[in-house]
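6 protein chains.
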Amino acid sequence: MTTGHTSPSARKSRIASTMGKAKILMEAAPYIKAFKGKVVVIKYGGSAMTSEELRDSFAGDVTLLSLVGIRPVIVHGGGPQITRAMGQSGVEPVWVDGLRVTDAATIRVVQSVLAGEVNPDIVRLLSGHGAVAAGVTGIDGGLFTAVPKDDRLGFVGEIEAVDPTLVLAMLEQGIVPVVAPLARGTDGHAYNLNADTAAGALAEALNAEKLVYLTDVEGLYSDLGDEDTLLPRVGISELEEMIASGSASAGMVPKLRSCISAMKAGVRQAHILDGRVQHAVLLEIFTPEGIGTMVEVR
Amino acid sequence: MTTGHTSPSARKSRIASTMGKAKILMEAAPYIKAFKGKVVVIKYGGSAMTSEELRDSFAGDVTLLSLVGIRPVIVHGGGPQITRAMGQSGVEPVWVDGLRVTDAATIRVVQSVLAGEVNPDIVRLLSGHGAVAAGVTGIDGGLFTAVPKDDRLGFVGEIEAVDPTLVLAMLEQGIVPVVAPLARGTDGHAYNLNADTAAGALAEALNAEKLVYLTDVEGLYSDLGDEDTLLPRVGISELEEMIASGSASAGMVPKLRSCISAMKAGVRQAHILDGRVQHAVLLEIFTPEGIGTMVEVR
Amino acid sequence: MTTGHTSPSARKSRIASTMGKAKILMEAAPYIKAFKGKVVVIKYGGSAMTSEELRDSFAGDVTLLSLVGIRPVIVHGGGPQITRAMGQSGVEPVWVDGLRVTDAATIRVVQSVLAGEVNPDIVRLLSGHGAVAAGVTGIDGGLFTAVPKDDRLGFVGEIEAVDPTLVLAMLEQGIVPVVAPLARGTDGHAYNLNADTAAGALAEALNAEKLVYLTDVEGLYSDLGDEDTLLPRVGISELEEMIASGSASAGMVPKLRSCISAMKAGVRQAHILDGRVQHAVLLEIFTPEGIGTMVEVR
Amino acid sequence: MTTGHTSPSARKSRIASTMGKAKILMEAAPYIKAFKGKVVVIKYGGSAMTSEELRDSFAGDVTLLSLVGIRPVIVHGGGPQITRAMGQSGVEPVWVDGLRVTDAATIRVVQSVLAGEVNPDIVRLLSGHGAVAAGVTGIDGGLFTAVPKDDRLGFVGEIEAVDPTLVLAMLEQGIVPVVAPLARGTDGHAYNLNADTAAGALAEALNAEKLVYLTDVEGLYSDLGDEDTLLPRVGISELEEMIASGSASAGMVPKLRSCISAMKAGVRQAHILDGRVQHAVLLEIFTPEGIGTMVEVR
Amino acid sequence: MTTGHTSPSARKSRIASTMGKAKILMEAAPYIKAFKGKVVVIKYGGSAMTSEELRDSFAGDVTLLSLVGIRPVIVHGGGPQITRAMGQSGVEPVWVDGLRVTDAATIRVVQSVLAGEVNPDIVRLLSGHGAVAAGVTGIDGGLFTAVPKDDRLGFVGEIEAVDPTLVLAMLEQGIVPVVAPLARGTDGHAYNLNADTAAGALAEALNAEKLVYLTDVEGLYSDLGDEDTLLPRVGISELEEMIASGSASAGMVPKLRSCISAMKAGVRQAHILDGRVQHAVLLEIFTPEGIGTMVEVR
Amino acid sequence: MTTGHTSPSARKSRIASTMGKAKILMEAAPYIKAFKGKVVVIKYGGSAMTSEELRDSFAGDVTLLSLVGIRPVIVHGGGPQITRAMGQSGVEPVWVDGLRVTDAATIRVVQSVLAGEVNPDIVRLLSGHGAVAAGVTGIDGGLFTAVPKDDRLGFVGEIEAVDPTLVLAMLEQGIVPVVAPLARGTDGHAYNLNADTAAGALAEALNAEKLVYLTDVEGLYSDLGDEDTLLPRVGISELEEMIASGSASAGMVPKLRSCISAMKAGVRQAHILDGRVQHAVLLEIFTPEGIGTMVEVR
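Residue numbers (our numbering), protein chains in the order written: chain L, 1 to 298; chain H, 1 to 298; chain A, 1 to 298; chain X, 1 to 298; chain Z, 1 to 298; chain D, 1 to 298.
Think of the hints as simulated: they come from the structure by calculation, not from any bench.
Hints may contain errors.
Which copy is meant is left open, so a pair is good if it fits within one copy or across any two.
[As the list claims (entries may be wrong)] Okay, derived cross-link-like pairs now, EDC-like style, lysine to aspartate or glutamate, Cα gap no bigger than 20 Å in a straight line:
| hint | residue 1 | residue 2 |
| --- | --- | --- |
| 1 | K38 | E296 |
| 2 | K38 | D223 |
| 3 | K149 | E52 |
| 4 | K36 | E172 |
| 5 | K33 | D150 |
| 6 | K21 | E53 |
| 7 | K38 | E172 |
| 8 | K36 | D187 |
| 9 | K12 | D228 |
| 10 | K264 | D56 |
| 11 | K33 | E209 |
| 12 | K36 | E240 |
| 13 | K33 | E172 |
| 14 | K33 | D56 |
| 15 | K12 | D216 |
| 16 | K36 | E209 |
| 17 | K36 | E92 |
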């Protein structure tokens with residue numbers, strides 16, 4: 001019975017050192033309270049998806065959100081992996097007006113990469129951190145129905161309908177849905193979707209509290225070339241101006257459009273976060289300062 | 001108001017010709033009644049998965065089962081597609097004692113083909129026939145947890161645990177689950193499972209009514225070389241003898257073992273069907289004659 | 001183990017012959033999908049209720065509807081049986097302006113025939129085909145509350161209120177309700193209802209998908225005397241014209257009025273079917289051609 | 001504003017006179033508490049069913065039980081009404097060993113009287129007192145399944161199975177089930193049941209708290225001929241002795257057998273009450289003294 | 001087996017004497033039917049809370065309401081007990097413009113008396129009569145949130161928000177909530193509420209059927225000084241006139257204001273009852289005459 | 001639009017400083033996962049209840065537990081407050097064999113302090129930290145029923161029955177129950193309970209995961225006089241020895257007895273924690289080291 005004894009002074013010093021932990025946990029309480037039971041749709045991509053270290057911190061963040069009762073939904077892209085696989089498979093890219101055509105061979109590569117590589121890898125990553133996650137494509141359960149966006153582009157889809165039944169059933173079971181941006185066309189074929197747009201449409205359909213874009217920039221700048229002009233907060237009308245004036249980068253435009261549309265449909269907040277920062281999602285949700293750019297309804 | 005008029009005699013002849021339809025629908029009634037609400041796990045593979053015509057008749061069968069309130073669950077393989085993709089990707093197969101080693105490169109091809117090609121194609125196929133289907137891999141929602149089957153074989157998994165929560169949530173929503181035979185290893189890696197074994201284990205966990213194997217043979221023969229010895233019915237103990245005596249083909253053994261295990265765990269019937277016959281599943285379930293070999297508890 | 005063996009050629013020929021069955025079952029799928037979970041109120045009467053062969057085919061139809069997840073509700077009449085019973089019991093019919101008076105003696109005969117003969121016989125008939133059916137009168141559970149239609153006619157009721165709680169509880173249990181057209185008067189007495197009107201009012205209260213009248217005519221004719229003028233489809237306004245112009249037969253008027261009222265209240269389709277045709281209900285619901293006259297909202 | 005004024009003394013005297021009411025309501029409280037939510041199966045017959053005054057007091061009792069949250073289930077007979085109807089319809093009774101044969105003509109009269117007269121009249125009676133009641137026969141919802149009791153007696157059934165689903169669904173809705181003692185035979189025909197036996201079997205299937213027989217005697221006597229020997233309480237073993245020794249009247253035997261069987265299956269109490277006493281059911285349940293004979297498990 | 005025998009004549013006379021009980025129970029039926037499942041908020045105070053005999057009759061009334069399925073909610077005051085405790089504890093009352101100031105010492109006494117004496121005593125009293133009751137203060141579950149009513153009065157609260165979740169959860173379990181008129185201020189302190197106002201606000205939040213004030217007067221008089229002018233019924237506009245004209249006593253004004261507000265918010269009836277009459281609540285609810293003054297929407 | 005801009009370097013340094021927070025939150029994840037949905041009964045007393053700083057840290061801990069989905073239940077004592085109030089109220093303590101007698105005057109003081117001071121203060125404290133809490137005494141909802149522990153001690157109760165319905169209904173609503181150790185005696189009087197014993201009995205009835213005692217000692221020592229012999233873990237049998245050998249202090253005995261009884265009834269772990277350490281509860285549950293003494297089933 002003497003084993004395990006520690007000296008009183010050792011115990012005191014140990015307790016003192018854990019007191020800091022307690023204070024930080026305490027600070028998280030009001031944020032947990034505010035977002036409990038709320039849906040947060042996260043577009044996951046860029047460095048956060050490619051760097052091993054950032055992948056890990058992202059998985060930790062999503063797991064913690066899920067554990068404390070917030071309901072994260074992940075929508076991922078897969079651009080770099082698709083480009084690499086296209087090269088390996090020898091499918092020659094075709095271009096129309098500067099846009100890549102998604103022909104029958106290409107859509108098979110896209111589907112294979114999104115549903116066969118990226119998606120199950122994310123699910124396994126989250127599982128490794130203790131979350132219960134499950135992957136679906138937009139074809140599953142009739143989640144996304146699409147029509148061709150432009151006949152010349154082939155199997156690039158524009159979302160026509162969203163049926164969130166399957167995603168809601170997963171959330172009800174405490175499962176984190178991981179969604180690949182594919183759709184079933186009204187013609188029965190598989191279609192590729194822009195992941196930013198898919199995330200926005202899903203946030204709308206789920207009546208999400210937040211729509212979060214993990215990007216490879218710090219956030220939105222009032223002057224694109226000047227790092228000193230990062231905008232911590234921005235309104236919908238300002239986004240509309242940015243798109244109209246061309247001051248938003250090409251890659252940012254679908255995100256901004258989706259933010260505008262989702263927030264007009266009832267999503268409460270949207271965020272453009274820097275996915276290159278470890279624990280970006282956690283810091284945005286659980287600390288007072290916030291990071292990146294927050295879009296407000298104002 | 002005169003448009004659409006038809007002559008009385010034309011109407012009579014039309015009705016007479018539809019009467020046969022009515023009789024056939026009537027005959028299905030007792031089978032629908034018997035299997036309503038019951039789970040039927042179908043291992044889908046072979047010709048039924050490769051011939052366009054058979055794919056279509058299979059999709060029609062599953063859709064009809066689902067519509068009348070039976071609960072089909074599809075577990076698919078993907079051997080031929082994996083072999084083809086291995087060739088294309090230039091991954092060299094390595095062999096140990098005549099068994100292919102699934103190393104890190106191979107498991108990525110396997111996952112990519114199963115989750116990225118075969119699975120979403122089946123989901124889309126079923127959707128095209130009017131079913132609401134959704135694909136999952138055994139990694140999703142912690143469905144299958146595996147340990148290495150043999151250290152020399154790499155990422156070939158043996159099922160250690162089955163958590164059917166996600167599949168049950170889908171069935172509850174009237175969704176047809178389509179399951180790829182992958183598992184998350186207790187070490188966090190992806191593992192490949194034998195699809196026959198996965199189907200059996202899932203049937204057990206779901207307390208299924210039936211476990212159906214779609215194969216490229218007519219059924220079980222008492223004398224493997226003699227077509228005249230097809231067995232319409234067989235008992236568990238006879239299956240055990242077949243395995244012991246080596247009179248079952250190598251490909252058939254995992255099916256037989258799974259049938260035995262599933263039925264000992266409470267599954268009521270198992271079937272070895274000829275997937276080369278159109279509508280094999282429908283005919284087995286909805287007609288009095290049955291086809292292929294039925295395994296009984298006796 | 002040799003018992004039960006069949007020759008390969010015998011098996012092939014058997015399978016070939018069952019293939020036609022499969023095709024017909026397949027054709028039913030879209031109709032099952034369209035009507036799953038929907039309520040179909042069927043007014044059952046005439047030859048379909050008196051001919052042994054037609055009774056049987058009707059019971060089969062209702063059973064199949066119920067098995068595939070459609071929710072049939074039967075409202076029956078009983079005119080011929082009442083007339084016969086009146087004769088046997090020696091109750092003398094009294095007439096006012098050509099309408100039979102339902103005095104205290106008569107209403108007892110009516111109740112006895114409807115609730116004591118016709119209703120339980122239909123329940124037993126359906127049970128014999130495998131449906132789970134249960135009979136109620138409009139008095140049960142406060143289903144129909146009535147006031148006298150015309151003081152001179154005695155216990156002939158006009159529906160004042162419908163409480164579908166009991167019928168809904170049955171549907172929820174998968175039970176087919178069989179309803180006798182009686183009501184409890186606000187004065188506490190039993191009242192007889194017109195079964196056509198009762199069916200329409202119940203369809204309204206249940207927010208039914210379809211209201212089906214099984215009659216002893218082929219359907220509606222634009223010219224009552226000319227069989228060549230059967231109307232396959234007709235709109236509400238045309239029905240209103242028919243009633244106004246007197247071109248509908250006396251027995252058809254309550255059906256037409258009920259169709260108009262029910263469809264204005266949200267019932268989606270109404271049908272005047274020929275109950276003398278075997279499986280009329282099944283053919284109307286499960287085949288593309290349809291039979292009889294369909295009333296549309298247009 | 002002066003209308004409606006009453007003098008202070010008038011108010012005081014009015015209040016004083018209502019105080020007695022309050023005391024009596026108070027006394028009922030412990031009985032309501034004890035039986036809340038419990039099922040009480042009441043076999044209803046004899047004078048209680050024929051005297052207008054007793055019918056009224058019975059209906060009041062059942063309504064009050066239902067209102068305070070007790071769950072009464074009524075099983076009725078109909079002997080005298082059947083005998084009368086047999087006479088009117090001219091069906092000649094046939095006798096075998098002193099028992100009346102229920103041939104095809106007779107069972108139609110029985111069904112017609114029970115389901116068409118007695119049952120809806122009771123439902124209407126209860127409705128008139130404010131209860132929500134609904135009539136079913138034992139054929140409805142597969143409630144009672146029967147086999148012939150004795151081949152020579154025709155359609156006299158012995159209960160083989162009880163499926164209380166429909167009755168439970170009614171109780172769940174706060175509806176008072178009124179049950180006619182008919183059954184569907186395993187051969188598909190209608191069968192007549194002994195109402196006493198049916199009440200006992202239903203009490204068993206519903207796991208009732210009490211099984212109450214309303215009779216035309218005061219209760220059980222230890223000496224049949226001596227009114228001074230009424231037994232206020234009796235045990236199961238004493239009932240068994242009474243049957244064995246022949247000291248119970250022929251009409252009482254099925255009641256006693258049913259009491260024994262039901263109580264052995266878990267019903268807590270059985271009562272033989274004098275249905276000729278107004279409010280017999282209410283007095284038995286709501287007052288400390290009790291009336292008639294109570295059967296105890298002892 | 002002879003024990004317990006009674007003579008036939010003794011039995012008859014006993015039954016005759018209980019018949020009156022049955023009639024009175026019968027009379028209660030329509031009132032039970034009308035109020036089943038409805039919420040009745042009762043402000044409990046005055047003599048009904050101090051006289052041992054009246055406490056008992058009140059507890060009996062509330063218990064019976066609860067047993068028959070009506071949902072009573074008790075809001076109590078505690079003025080006399082607080083005054084007594086103030087004296088004992090030596091806290092000196094301070095007055096501003098004739099109103100007592102509730103400083104920090106006083107609110108502790110108030111809380112201690114309401115939550116520590118009055119509330120648990122009522123709960124125990126009700127438990128003693130067979131009800132399942134539970135005490136809460138307005139602080140529990142965030143029931144009442146308050147702001148200071150007047151800065152000079154200290155911790156006297158004005159209700160700013162009502163969250164009935166906890167009270168509804170209790171009602172759902174068949175528990176009678178007993179509520180002490182305290183609130184949590186938006187500043188985190190405990191506040192005292194006027195019990196009349198709290199009862200009205202709670203009736204509003206619960207969408208109660210009735211709001212009952214037990215007082216020490218007979219009801220409302222059209223002429224305060226003249227007992228002959230008791231008003232059996234009064235409308236909202238008349239109450240407004242009474243307040244405006246000053247013809248209501250000071251103690252009555254908060255009750256009248258609460259009645260007006262609650263009824264405008266959907267409460268169906270309000271009552272000013274004489275709590276000095278035994279069983280006042282029961283008589284008001286269960287007898288046709290009613291007592292005291294009923295406030296109607298008219 | 002320039003407002004709110006911060007320099008890139010300022011942003012980097014801010015993010016760096018928050019990274020530590022993220023790591024600490026991450027560490028809590030496995031503990032949250034392990035205890036999600038589990039009930040933790042905490043006996044709250046001693047310094048943790050009297051020091052303002054410790055009260056605050058305790059309230060923060062309980063709030064955080066509740067927010068992340070763990071279900072804390074607080075049982076409090078009130079010894080010092082009762083002693084103080086006894087003095088103020090002038091009630092003279094009476095002693096029997098060294099134990100204080102709880103006569104009628106004393107129990108009123110006890111009830112008043114526990115239910116009127118301590119309990120609502122804790123509820124308000126928790127509310128101030130963001131939890132939704134509600135106070136109950138053991139009298140509410142029939143939670144604790146007691147018999148006299150020793151006739152000479154008066155209203156000191158021994159628990160005879162626990163009905164956790166009300167507490168479970170609160171937990172279901174996400175409310176933190178705060179329980180005062182009172183009981184309703186089978187004689188209808190209020191009884192005082194030992195809070196340690198009440199906590200243990202409630203943990204048993206709720207099938208709690210953990211039972212935590214907040215004390216004013218560091219934990220259990222193998223040698224009471226020697227601080228170096230603190231036991232980090234101890235088994236049930238060792239506790240039994242401690243009680244038998246008299247090596248446990250008098251105040252510790254009821255805690256030890258309750259631990260033994262609760263764990264034998266299925267509670268998984270019990271803890272003797274040092275309530276003088278800030279965030280003792282949080283540290284015990286959310287950090288790997290643990291503090292105080294853990295009782296194990298071994």
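State whether the alpha carbon distance between K36 and E240 is at most 20 Å within one copy, between copies, both, or neither. So K36 and E240 fail the 20 Å test inside a copy (31 Å) and across (43 Å) alike.
For K21 vs E53, is the C-alpha pair at or below 20 Å within one copy, between two copies, both, or neither? between (23 Å within a copy, 17 Å between copies)
How would you classify K38 and E172 at a CA-CA limit of 20 Å: within, between, both, or neither? For K38 and E172, both the intra-copy (12 Å) and inter-copy (19 Å) Cα distances are at most 20 Å.
Within, between, both or neither: K33, E209 at alpha-carbon 20 Å: within (13 Å within a copy, 23 Å between copies)
Are the CA atoms of K12 and D216 at most 20 Å apart within a copy, between copies, both, or neither? between (45 Å within a copy, 15 Å between copies)
Should K36 paired with E172 be assigned to within, between, both, or neither, using CA atoms and 20 Å as the limit? Intra 13 Å, inter 15 Å, cutoff 20 Å: intra and inter.
Status of D187 relative to K36 across identical chains (alpha carbons, at most 20 Å): neither (40 Å within a copy, 24 Å between copies)
State whether the alpha carbon distance between K36 and E209 is at most 20 Å within one copy, between copies, both, or neither. within (10 Å within a copy, 23 Å between copies)
Within, between, both or neither, where K38 and D223 count as close if Cα-Cα is 20 Å or less: Close neither inside one copy (34 Å) nor across copies (52 Å); limit 20 Å.
Should K33 paired with E172 be assigned to within, between, both, or neither, using CA atoms and 20 Å as the limit? both (19 Å within a copy, 17 Å between copies)
20 Å Cα cut-off: does K33 pair with D150 within a copy, between copies, both or neither? Cα proximity of K33 and D150: none, with 45 Å in one copy and 32 Å across.
One pair to classify: K149 and E52, alpha carbons no more than 20 Å apart. Within, between, both, or neither? For K149 and E52, the Cα distance exceeds 20 Å both inside one copy (34 Å) and across copies (28 Å).
Figure legend: structure checked against the earlier numbered hints; hints not met, in rising order: 2, 3, 5, 8, 10, 12 and 17.
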